[in-house]
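*Asks:* Listed below are the residues making up each chain.
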Amino acid sequence: MENIKQTCLYDQHVAMNAQMSPFGGFMMPIQYSSIIAEHEAVRNNVGMFDVSHMGEVFICGPDATRFVNHIFTNQVAGMPAGKILYGMMLYPNGGVVDDLLVYKMQAPDLYLLVVNASNIEKDVEWIREQSTGYDVEIRNESDTWGEIALQGPQSERIMTEVLNMPVAELAFYTFSELTYKGESIIVSRTGYTGEDGFEIYASTTLTQSLWDKLYKEAQVTPCGLGCRDTLRFEVGLPLYGHELSSDITPIEAGLGIFVKTDKEEFIGKEAIATQKENGVQKKLVGIELQDKAIPRAGYDVEIDGIVIGQVTTGYHTISTDKSVCMALIASQYATIGTEVDIRIRKKTFKGNVCRKRFYEKNYKK
Amino acid sequence: MNEVIKGLYYSESHEWIKIEGNIGIIGITDHAQHALGNIVYVDMPETDDEVTKDEDFGAVESVKAASDLISPVSGVVTEVNEALQDNPGLINENAYENWIIKVELSNPEELESLLDADAYQALCNP
Numbered sequence: 018m019e020n021i022k023q024t025c026l027y028d029q030h031v032a033m034n035a036q037m038s039p040f041g042g043f044m045m046p047i048q049y050s051s052i053i054a055e056h057e058a059v060r061n062n063v064g065m066f067d068v069s070h071m072g073e074v075f076i077c078g079p080d081a082t083r084f085v086n087h088i089f090t091n092q093v094a095g096m097p098a099g100k101i102l103y104g105m106m107l108y109p110n111g112g113v114v115d116d117l118l119v120y121k122m123q124a125p126d127l128y129l130l131v132v133n134a135s136n137i138e139k140d141v142e143w144i145r146e147q148s149t150g151y152d153v154e155i156r157n158e159s160d161t162w163g164e165i166a167l168q169g170p171q172s173e174r175i176m177t178e179v180l181n182m183p184v185a186e187l188a189f190y191t192f193s194e195l196t197y198k199g200e201s202i203i204v205s206r207t208g209y210t211g212e213d214g215f216e217i218y219a220s221t222t223l224t225q226s227l228w229d230k231l232y233k234e235a236q237v238t239p240c241g242l243g244c245r246d247t248l249r250f251e252v253g254l255p256l257y258g259h260e261l262s263s264d265i266t267p268i269e270a271g272l273g274i275f276v277k278t279d280k281e282e283f284i285g286k287e288a289i290a291t292q293k294e295n296g297v298q299k300k301l302v303g304i305e306l307q308d309k310a311i312p313r314a315g316y317d318v319e320i321d322g323i324v325i326g327q328v329t330t331g332y333h334t335i336s337t338d339k340s341v342c343m344a345l346i347a348s349q350y351a352t353i354g355t356e357v358d359i360r361i362r363k364k365t366f367k368g369n370v371c372r373k374r375f376y377e378k379n380y381k382k
Numbered sequence: 156m157n158e159v160i161k162g163l164y165y166s167e168s169h170e171w172i173k174i175e176g177n178i179g180i181i182g183i184t185d186h187a188q189h190a191l192g193n194i195v196y197v198d199m200p201e202t203d204d205e206v207t208k209d210e211d212f213g214a215v216e217s218v219k220a221a222s223d224l225i226s227p228v229s230g231v232v233t234e235v236n237e238a239l240q241d242n243p244g245l246i247n248e249n250a251y252e253n254w255i256i257k258v259e260l261s262n263p264e265e266l267e268s269l270l271d272a273d274a275y276q277a278l279c280n281p
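If you read the protein sequences in the order shown, they are chains P and U.
Each residue of the first sequence is one higher than the one before, counting from 18 in the working numbering.
Each residue of the second sequence is one higher than the one before, counting from 156 in the working numbering.
Everything labelled a hint here was simulated from the structure, so no lab data went into it.
Take these hints with a grain of salt, some might be off.
[What the hints assert, rightly or not] Among the chain U residues that face chain P by a calculated CB cut under 10 Å, a handful are: (1) ASN193; (2) ASP209; (3) ALA238; (4) ASN247.
For every residue, glycine included, the Cβ atom is placed at its ideal position computed from N, Cα and C.
All chains should be modelled from the sequences, with the hints used to inform the complete structure.
*Replies:* Next up, the structure:
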C-alpha cells in the first residue's frame, strides 16, 4: 500500500480523538462524536469539515480559457472572474476522469481546478497529457493549500462574526479572493452538503489557526467525512467512484446539464452528444425500500430474479428516516414507481424507483 | 474505556454470550458498538432458525457499514429481541442489556473455545 498522507489538520483530529480512517489516500476523520449528531448539526446549525485532502490545480497562460474549455464539460468561455462552475473532465468515450469545480480567478488567464483527493495524481497526469499544443502552465498546489468547509444555515453568521470575513453578499457558486492576516485566501460559497455554506482555501498554517479558532466556538460542530457522505447522498450529489467513474457517463448519472454539447469542442463531446440523442443503456435512479434493511454500494438490484443493476450508495437516511439508495440500473426499468428487489445478504427486499434526491437542498441564492 | 463484563463468554468477532441453563443469550460487545457508531438496523434471524458456530446469523448496521453477526455457538433460536426492530440504537445505549437473540445450545462444549472477560479485554487493548 502506498504511503497514506496526512492533512495539515491531522494533529488536531488526533487530539480531538476523532475516529480516523484512510480516504482518497489521506488519513481522514470519519467522525468526532457521532455521524447522526454531526449530520444534524449541519442541517440545523453549523458544522466544520477538514477538506484539505481535496486537490488544487491552477491553470494559467495565454491559452488557459481555451484549454480548460477543452478538458472541461461546462462552458468556461465568457465566465466572469469570481464565478465557479461544476462539471467533469471526460475520456473520449464519455467516461468520467473526475468531477470538479472550476474557479475563474481575478488575474487574467488563471483558473483553479478543485479535484477529488483520490484522483489528484491521475488528474494532473491527464491534464498534462492533454496540454500539448496549448500555451499553458499547470501547477499542482494540492500540498500547499489547506481547506475548511463551514456548512449549515448558521455558517454565514460564523464567517462574518467569528472570522470577520465579508461574505454576506457572496452569491452561491461565487468566491472572493481576500487578504486575511496578511495572506491571500480564497473563500467560496460552495459545499457538498445541500446546505448553505462556505469553503475556505488558505495556507496550511493559516488553515490550522482558522480551525483552532472555529473549534473554540461552541456553536460549530466538528464534522467528519462520515456525515459529509450522508449529507451529500440525501440531496442526490454524486461521489466519484460511486455515481460517477470511468465506466459511468454524466448522462447516465443524470448530470447532462453540466455537459454543454453546444460548445465548439471538448474531450468526450461526440460520445455524450450520441448518448443525448440516442439515449442510454443504464441510468442512475433513486430507490426507496419498503423495509428498514439498508442497501449498500455494490448490492444487486433485481427484477424477477434477474440482475438489472447495482446500488452505488445507500443509507438509512438521517433526515428522513428511510432506507434509500442510488443505483445504476438498466434504463428500461428507470421509470418512477417501478418495483424492484434489492439483494441484501441472503434475502431480497422490495423497493420502488424514486427521485434520487431524498431531501431538499437549502441553498442561499 | 469500553466495558467488559465478567462471567460472560466472548468471541474474537466481538459477540458476547451469557449462559442461563441450556440457553445462550447473545449480543455484541460495548467495544463493537463503539467501533460501529450509531446503529440503525439489526438484521435478525427468526425463532426456530438454526445457527451454527462461526457462521453469520444476521448483521448489525451502523450509518456507515454493515457488520455480520457471527454466532459464538450452534443451536436453535428460541427468541429474538423485537425491541431492536424499532429501536436499534438501544445497543449503543447498553450493549449488554440489549441482547439480540437467545439460542438453545446444541453443543455446550463449543463454549470452551470462547474467550473470558480478561482474555477479551486483552484482545481489545493489546
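*Asks:* Using 10 Å as the Cβ threshold, decide whether ASN247(U) counts as touching chain P.
*Replies:* 8 Å, holds
*Asks:* At a threshold of 10 Å, is the proposed contact between ALA238(U) and chain P supported by beta-carbon distances?
*Replies:* 14 Å, violated
*Asks:* Take the shortest C-beta to C-beta distance between ASN193(U) and chain P; is it under 10 Å?
*Replies:* Given a least distance of 5 Å, the restraint on ASN193(U) holds.
*Asks:* Tell me if ASP209(U) is really an interface residue toward chain P, meaning its C-beta lies closer than 10 Å to one of theirs.
*Replies:* Interface hint status for ASP209(U): violated (17 Å vs cutoff 10 Å).
Going down the numbered hints, you'll see the structure goes against 2 and 3, while the others check out.
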